[in-house]
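Between the sequences and the hints, there should be enough to build the whole structure, so can you do that?
Same order as they appear, the protein sequences are chains A and B. 0 is the number of the first residue of the first sequence in numbering that gives the first Met the number 0; add one for each residue after it. 0 is the number of the first residue of the second sequence in numbering that gives the first Met the number 0; add one for each residue after it.
Source of the hints: derived by calculation from the structure; they are not laboratory data. Treat the hints loosely; a few may be bogus.
Capping the alpha-carbon separation at 30 Å, the derived lysine-lysine pairs in DSBU-like fashion look like this [as the list claims (entries may be wrong)]: (1) B:Lys145 to A:Lys51; (2) A:Lys51 to B:Lys142; (3) A:Lys51 to B:Lys150; (4) A:Lys379 to A:Lys222.
These figures come from a predicted structure and were not determined experimentally.
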Amino acid sequence: MWTDILYGFKVATTPENLLLCFIGVLLGTLVGVLPGIGPAGAMALLLPVSFKITPVGTFIMLSGIYYGSMYGGSTTSILVSIPGEPASVMTCVDGYQMALKGRAGPALGISAIGSFIAGTFSVVGLMFLATPLAKAALKFGPPEFFCLVLMGLTLVTYLSRKSAEKALMSALLGMLLSWVGLDLINGQSRFTFGNMELNDGIGVIPLVMGLFGISEVFTELEKGEQIEVIKTKIRNLLPTREDWRQSTGPIVRGSVLGFLLGIIPGGGGIIANFMSYIMEKRISKHPETFGTGEIAGVAGPEAANNAAAGGALIPLLSLGIPMNATVALLFAALLIHGVRPGPLMIQERGDIFWGIIASMYIGNVMLLVLNLPLIGLWVKVLKIPYRIIFPMILLFCLIGSYAISLSVLDLELMLGFGVLGYLMRKFDFDTAPLVLAFLLGPMMEVAMRQSLLLSQGSFMVFFTRPIAVTCLGIAAVLLLLNLLPVIRQKRDRLATVEVK
Amino acid sequence: MKAWLRRTGADFWSSLFLLLLSGAVINEAFNLELGTPRNPGSGFMIFGAAAALGLFALRQFIVSLLSLAHPKESAADPIHWGRIVCVVLAVLAYILLLEPVGYLLCTFLLLTFLFEILEPGYWVTRTIGAGLTSVLTYAVFAKALKLGLPKGLITFF
Chain A
0 MWTDILYGFK VATTPENLLL CFIGVLLGTL VGVLPGIGPA GAMALLLPVS
50 FKITPVGTFI MLSGIYYGSM YGGSTTSILV SIPGEPASVM TCVDGYQMAL
100 KGRAGPALGI SAIGSFIAGT FSVVGLMFLA TPLAKAALKF GPPEFFCLVL
150 MGLTLVTYLS RKSAEKALMS ALLGMLLSWV GLDLINGQSR FTFGNMELND
200 GIGVIPLVMG LFGISEVFTE LEKGEQIEVI KTKIRNLLPT REDWRQSTGP
250 IVRGSVLGFL LGIIPGGGGI IANFMSYIME KRISKHPETF GTGEIAGVAG
300 PEAANNAAAG GALIPLLSLG IPMNATVALL FAALLIHGVR PGPLMIQERG
350 DIFWGIIASM YIGNVMLLVL NLPLIGLWVK VLKIPYRIIF PMILLFCLIG
400 SYAISLSVLD LELMLGFGVL GYLMRKFDFD TAPLVLAFLL GPMMEVAMRQ
450 SLLLSQGSFM VFFTRPIAVT CLGIAAVLLL LNLLPVIRQK RDRLATVEVK
Chain B
0 MKAWLRRTGA DFWSSLFLLL LSGAVINEAF NLELGTPRNP GSGFMIFGAA
50 AALGLFALRQ FIVSLLSLAH PKESAADPIH WGRIVCVVLA VLAYILLLEP
100 VGYLLCTFLL LTFLFEILEP GYWVTRTIGA GLTSVLTYAV FAKALKLGLP
150 KGLITFF
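As structure tokens, then:
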């Protein structure tokens, strides 16, 4: 393993990859600071540019945006009380209170340092867990793969923050969209309406740019608010000894909790941030201080969301299954380059896997350097009016979509998905299950049809293989939990409380 | 009519749309041929997914119909149509005119409109800004990165 890590550093420290890592974490921090555009939107904007660079470089840059945004989100949470990213929502509670008391500096400092420690921890975990999991996944056949994907999609819908039933419908819609184009098995045209361009299917870039970039712009256009940044001098970024004493435990606990939650489908930074806050408040000797500027309420959640970012890469890299929408874009980026993430990628493209691991170490160091001294710059960025930002986002989406295949159809599809994404938000449908199902739909269909061909039409093939039946059982239990009225009402009540 | 529309709520319309969509997709799945379990056809999985979607949509539609008798506040945020429709139409016009008119001119016109829409006024500054942005992005994306942005009417640049 140590030779693999050294090989990874050799790949990650080429001038091109170092520059791409820096660009990724810088953009990620910027995107995290700015409310109104998330890491998914930023990654979607950069997907067309990735055609010009190598697969390793693409993944390094895009994953830098992903974990970099977790750092940046805390800045807005602490200074403005608006989460820059959904994964920093609980940081607002005590972070802003600390800023009001003139302690914005220590809040920002402990947030950055805690994120660094947790990020490093999650990279180590990724390094040790991904390879054995990938070896186990090599034993999967089409029935196991189909059931695993089905379980993953069901888990994502179960953990949806909005209605689980609507999340299921969103996933089914995503699957149907993924089957537009030529049938991969017998070459028949499906839902192309005579349009030759649709034979290749709906492009992933117009879809994600529309659903994430364009629809976010439409949502923010409705509000049109200007952000009010707290007027306080930001001093003493380095925490005091007492701050360290109060934060060490939350950072350690947040790192472990976040990492484990990141592996779960649909988990990721949002749930990790939330659960860490609840845990710290529960075990604290003075829970009444939470909400009044308690540093543990910043350190724990910020560590958790960064650890979750690393954990979420494990199912992607070892099993080839993205478990949340942002990681799905990393998956799409590699597919565009003809690299299929999964157990075989670790064996056949060790340069990509170990290069990513090494770049995440380097990226975390870069982020610590970017976030501490450059706080003043990020505060200035927060003051850029949205009336200037949103036309630029729209323009980059249009350029990016057109540049793929110089097709006006892609632009029309992107606009259509932008309207769809906006309406889904208004009608309370989660867009993440749609994207995940869209990416996994073709593989799921091929796996299902191959399984039936192998078993000569018998569906018992899914019930006689241990891994497949286990995954099916979990999926069935989750579906039942989703649909049972009593449990659904309790979940909906909890979701309403969380949103408030 | 307005009162009835207010009472129906978001779930009524979304479930009705999905119900109709799943019906159309199921019809198309039969045209594509379902095949048999031994030899699944092109419409096999499509039928399964569309049928599941239709069942969920039907359940939600029935629940929303029953709730018409006891209307409660709609869970969805109201849609503020004005700005959104303007921007969608502007972007649609941009898409349709992009190839015949060209990137530079289309982008200049689009940005001038978009810079104005949130806060009208200062049109001189915004027009200059729109022009500079169009030229700069063309220089970066078309010239430096060699993306094939259409020239349209302006062929000399």
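Here's how the hints hold up against the structure:
1. B:Lys145 to A:Lys51: holds, 10 Å
2. A:Lys51 to B:Lys142: holds, 14 Å
3. A:Lys51 to B:Lys150: holds, 22 Å
4. A:Lys379 to A:Lys222: holds, 21 Å
Checked against the numbered hints above, the structure breaks none of them.
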